[in-house]
Amino acid sequence: MHPSEKPAAAGGNFGPDWWRQISPYLEHALTLSGDERTTWLGSLREHDLGMANRIQELLDEYDSLNESCFLEDFPSPLSGSGGVAGQTVGAYKLISLLGEGGMGSVWLAERNDGRFERQAAVKFLNMALAGRGSEQRFRREGSILGRLADPKIAALLDAGVSENGRPYLVLEYVEGEHIDRYCDLGKLAVEARLRLFLDVLTAVAHAHANLIVHRDIKPSNVLVRIDGQVKLLDFGIAKLLEKNGEGGGETPLTREAGAALTPHYAAPEQLNDGPITTATDVYALGVLLFCLLTGQHPAGSNVHSTASLFKSIVEIEPPRMSEVVTSKKDDAGAAALRSTTADKLRPTLRGDLDTIVAKTLKKRPEERYASVTAFADDISRYLQHKTISARPDTLAYRAVKFTRRNRWQVGFATLAFAASMAGLVGTTTQTRAARKQRDFAIRQLSRAEAINDLNSFVLSDAAPSGKLFKVNDLLGRAEHIIQRQRGDNDANRVDLLISIGRQYWSQDEDASAVRILEEAHRLAQNVPDPSVRARSACALASVLARGREVERAETLIRDGLREVSGNRQLVLDHMFCLQCGSEVARERGTTQQAIARAREARELLANSPFQSDLEDFHVLMQLAESYRVADQFVDADATFQQAAIRLTTLGRDDTQTAGTLFNNWGLAVQFLGRPRDAEELFRRAIAISSSDGAEQSVSPMLLVNEARVLRTLAQFGEATKYAERGYAKGQTAGDQVVVNQALFVQASVFRGLHDFARARQVLSELEPRLRAVLAPEHVAFASLASEKSLLAQAEGNLQTSFDLANEAIAISEASIKANDSGPDYLQILSMRRSSVEFDMHKFAEAELDAQRALTIGRGIVQPGAFSCNLGWEYLALGRALQAQSQYGDARAALEAAVEHLEHTLGQDHPDAQRARKLLAANNSPQ
Amino acid sequence: MGATISSLIGAADEGDNSAAEALFVELYSELHRIAKRELGRQGVPVSLSATTLLHEAYLDMTSREGSSFPDRARFISYAARAMRGLIIDHARSRRAQKRGGQFELTSFNNESVEDPADDRDLTRISEALDELAKVETSLVEIVDLKFFCGFSFGEIAAMRNVSERTVQRGWDKARVFLHRSLRSNASI
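Read top to bottom, the protein sequences are chains A and B.
Numbering of the first sequence is given in the working numbering, commencing with residue 1 and proceeding in unit increments.
Numbering of the second sequence is given in the working numbering, commencing with residue 1001 and proceeding in unit increments.
Any given hint could be a false lead.
What the hints assert, rightly or not - Distance ranges between label pairs, derived from CB positions: (1) A:383 to B:1127: 38 to 48 Å; (2) B:1072 to A:189: 48 to 58 Å; (3) B:1072 to A:510: 37 to 47 Å; (4) A:863 to B:1037: 27 to 37 Å; (5) A:149 to B:1133: 49 to 59 Å; (6) B:1133 to A:863: 24 to 34 Å.
It should be emphasised that the hints constitute simulated quantities derived from the structure, not laboratory data.
Ideal Cβ positions, reconstructed from N, Cα and C, are used throughout, including at glycine.
Required output: the full structure, derived from the provided sequences and hints.
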């Protein structure tokens, strides 16, 4: 469409034609944020001045709409025809209507049981409860909230359901000002505002201690009475409204609550359907403090619409408070309300206050203050001029330049930690046990000492200083030293052997690892200490499982667990065994057991008196990996993320462990259909093991993973480079899996480049390789058939392509049935078959397959998350619908396709472009 | 009577215009009947939100027609248009009779300065929506669901199988259109 061809029609005359021309431009403008929009309008102005001016005019009009709340305040309730003053609800008599709001109407009422008078507010909720069950639940939840006694929280006096089934709440009646107005009216200075805000935090902390989250903190819910007493309203009510019915699924309660949420103070997780925790309140409190201190919202003046507010909350890093206070007229006013000037306010906010507020406004809940109390502590410290606990982002997030740190630290720190824990246990026990405890503690210490000795010998004495050395050389050396030691302490020798064995293992020197760990295990049989026996058994089990001796490994794990379970002193050894057990379970294919063991380890740690980020990290890695192997990618993604945060806390963003984390996390993210995110993770993993730009020590599998994801992103040149490197390294190392995967990627790249002959050649190299090692029902043959199908489709052999697509699906279905694989393949294969069917003009079948793929796809990702798989599926569905002239539905599908694909593959990806084109074509045919 | 709604929705899905007309009339009288029933109860201050009313209507009809009744999302997409009619008619009757009729429409927010519930405004909004329907039907549906029925963006997104942002963008556009439309009609 070229609007410039019809300037007259698009000019001033409002009407359908006018709108038809304006609409796509306006739509695009609304997706952009302030700066992007200015840039875009600038370029539009250059080639179509008239259109740019009209869009500018509409956007100005649109901004004014937001200010006047045009159409915002009218979700149209139908109301009964009567004043009802004088009527009673429970023990309360209604006096007058106080107001009506998002949730319903509020009445002033008084208690009329004759003995004492008390005013209250009765809030009728705009909802119908479905059945008796939900009525009881409403009363029950209400009574829980009723127990929340705190002078700073407006009490919930009663909750019930009126005679005609309308739920109501009886609340303490509070007369006061919204906190922001109160502060402005009294021209409170920053410090006074902070003290008042501390009262708010105390109240919220009290509620959190009772496991009640507010969920809807905003100025109108934080009142200050004339005597200066803070009163929080509506605690927990949002939750009460959101509670789902017993049967699950959507109830009227959920729906009403969805409409009642206040987006200005909503945390990202509330917009993303993430879990709501106390951290959600921390965020809202942070926004509130930002507003109280600066007079502005963190999203600033950049917010042009609800959509851009959402975008700002979810994606955009908020500015520092000190940055938003300028010398402009408005800010001078804001400063005056704080009894100061903008020039003085700015330095007050800069530094600690900026840091404190920034920590509350983190997008990720786990990066915010761990509790409201911690938040309050920092404000108290600030007021007392003490050092705050929060660290400025520049330190915590600073990209540490890569230096290859040795991996010894990881293993040794674990044992050093065991020693400190033993000391603590020792001090808390009494009399008879004390001697035993002390001996235990000393044992642990001597273990740690021995390891530390070796550590410092190997790293400082044995390594020629300043020169690069190979870890394996050092290990050989350490092993030699230990073998020659002829001490009387076998337990120490076992520990040292385990340590060295595990280091060999992490160097992929499996044979050496097995040799050393077998010896440790043999030696341990004569050691009386059960923890030593358990550790040696489990360490050996891990290595054996990877060498496919899974059944013996499992037996060893059970032996180890038997030695340590029930003994609280040995909690760390117990955790170690559970972690090894989780690995073994993964190798055995009992993935749920793997998850259960990792979870048990995490619980043990949580219930032990010690909090160690390092231990927590190890356990999280096991858990995440178990989720990944069990195809629970959403859980895996979330858990890897937690693990990555621990790693950053530990300052180990650039270790080999981090490399493993990023690689495996990337795989999970890729399955969730977010190749761009996956690519970033793989790239980080590669950077960690590269030195000076060379990728010699990068794992070949990682190179192939990077190649695959680049292929998905249509970066064919880069994909080829990585696939070739992965292929070569895989050949050298004799790793057949890597070689085969590399061939898969290469075939796909050649197809993408329309070099069908070479694609075919690669596939014919690949197929016999697979047939030689895998059973014909292995899901790899579904991938192979599918790749062949795609090739045939690209060459125009539709019937062949269709047959191969069917073959792929049959293999995948059988594999799911046999519990060998999850539904992820089936999703993609169905979507691909849909595409073949479309080319064959079987539109109904294409629609059906696309729907089927979508159904599977939606079950894999989190609701609301973007996924390129969903994008392709919507695209396939939209095309099929369009071909059947169902333009309305097709539009919805294509819109979804564009959104998913743009978010996951980027705007310029050919598939995103294709989706946009189809959508544009869909808009014109009627 | 009840069984016709299922079949009318079926026919309307196929693009039968007269069925769509009949369906509108049926849904309108059904919503009207339930609103009357709910608001007619004595003794409590009642205000019934459109979402609740739609939900009640859906439950009523499914229990009458059984499993053959279409899913909630499809039902609501048809009923939302009828809801608009119902709301405008009641705003109109309230103005005509001041306090007449069984129930009336109130402004949702007492604090708002202008009362948007003026039935003349609503009628103009409705007319503008009919205009808009000629160009971008999907925007009209969003306005019916959001403004007249009170659904949240999230719910609308789920019903229509699109992302929440798509719905928001549609809503933002529709508001600009409606505002411009009301303004340009007013100036004529």
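Status of the hints after comparison with the structure:
no.	hint	verdict
1	A:383 to B:1127: 38 to 48 Å	59 Å, violated
2	B:1072 to A:189: 48 to 58 Å	54 Å, holds
3	B:1072 to A:510: 37 to 47 Å	57 Å, violated
4	A:863 to B:1037: 27 to 37 Å	35 Å, holds
5	A:149 to B:1133: 49 to 59 Å	55 Å, holds
6	B:1133 to A:863: 24 to 34 Å	30 Å, holds
Hints 1, 3, counting from the list given before, are not met by this structure.
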